[in-house]
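> For the record, the sequence lines run as chains W and F.
Under our numbering, the residues of the first sequence are numbered -4 to 110, in order.
Under our numbering, the residues of the second sequence are numbered 9 to 122, in order.
Since the hints were made in silico from the structure, they are not lab data.
Each hint should be verified, as a subset may be incorrect.
To be verified - With a straight-line cut-off of 27 Å between C-alpha atoms, the simulated BS3-like cross-links for lysine-lysine are:
| hint | chain 1 | residue 1 | chain 2 | residue 2 |
| --- | --- | --- | --- | --- |
| 1 | F | LYS59 | F | LYS119 |
| 2 | F | LYS72 | W | LYS39 |
| 3 | F | LYS44 | W | LYS4 |
| 4 | F | LYS44 | W | LYS39 |
| 5 | F | LYS119 | W | LYS39 |
| 6 | F | LYS119 | W | LYS4 |
| 7 | F | LYS109 | W | LYS52 |
| 8 | F | LYS109 | W | LYS4 |
| 9 | F | LYS64 | F | LYS46 |
| 10 | W | LYS39 | F | LYS46 |
| 11 | F | LYS35 | W | LYS39 |
Model, not experiment: these values are computed from the prediction.
The primary structure of each chain is shown beneath.
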Amino acid sequence: NAGVTQTPKFRILKIGQSMTLQCAQDMNHNYMYWYRQDPGMGLKLIYYSVGAGITDKGEVPNGYNVSRSTTEDFPLRLELAAPSQTSVYFCASSYSGPSGGSPLHFGNGTRLTVT
Amino acid sequence: SQELEQSPQSLIVQEGKNLTINCTSSKTLYGLYWYKQKYGEGLIFLMMLQKGGEEKSHEKITAKLDEKKQQSSLHITASQPSHAGIYLCGANTSPTSGTYKYIFGTGTRLKVLA
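Extracted from the complex, chain W is given alone in its bound form (with noise of 0.2 Å):
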């Protein structure tokens, strides 16, 4: 089983260019996420999806652009990138969400840094 699946792995940016981190999922869940994690500061909300089509912003939106047009896929857009954006994103999917008691299923991660 793929589980959740992140591309790339690493990748490094030039303030101010744009990329987009891929995430998929083939899980048939419906909840999906993407987290930063920043040393010693646990994973802080950018952006979920409680289902193809439908998404809003976490508690870290800003510089961030996110879409879910297929159950499968939620890929995350940076654009503009900036220095405080260097971070490890993962994304995550549960079938239910919490109140549903499902846990989250995390990607491997994207390690990005942006100089």
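Dock chain F against chain W, hints included.
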């Protein structure tokens, strides 16, 4: 302040020793999840607890949710180098249906000395 407090923040133990990691919330936990993360990898789901007093085990790792559903402990028996990594607790603190938000602690970094 963090909604989920983990302690200790880091831990170094000799191989073969037992250890406990705690995860504490000021709110009722309606679902508590334990994850393990190795450097450069994603978070691997270990266990989920929902009922007060519930206890689950997998190999040498046991997790428990207290009766009040505000604290969980993760206990590792006879630790091995393969147990090293970051242990993260995650939770749902909303009793209502339709909630989307999971909250997370900041993690406990475990090192096991051979």
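> Work down the list of hints and note, for each, if the structure agrees.
Here's how the hints hold up against the structure:
no. : hint                  : verdict
1   : F/LYS59 with F/LYS119 : 30 Å, violated
2   : F/LYS72 with W/LYS39  : 26 Å, holds
3   : F/LYS44 with W/LYS4   : 19 Å, holds
4   : F/LYS44 with W/LYS39  : 17 Å, holds
5   : F/LYS119 with W/LYS39 : 25 Å, holds
6   : F/LYS119 with W/LYS4  : 25 Å, holds
7   : F/LYS109 with W/LYS52 : 11 Å, holds
8   : F/LYS109 with W/LYS4  : 26 Å, holds
9   : F/LYS64 with F/LYS46  : 22 Å, holds
10  : W/LYS39 with F/LYS46  : 19 Å, holds
11  : F/LYS35 with W/LYS39  : 19 Å, holds
In this structure, the one hint that does not hold is number 1.
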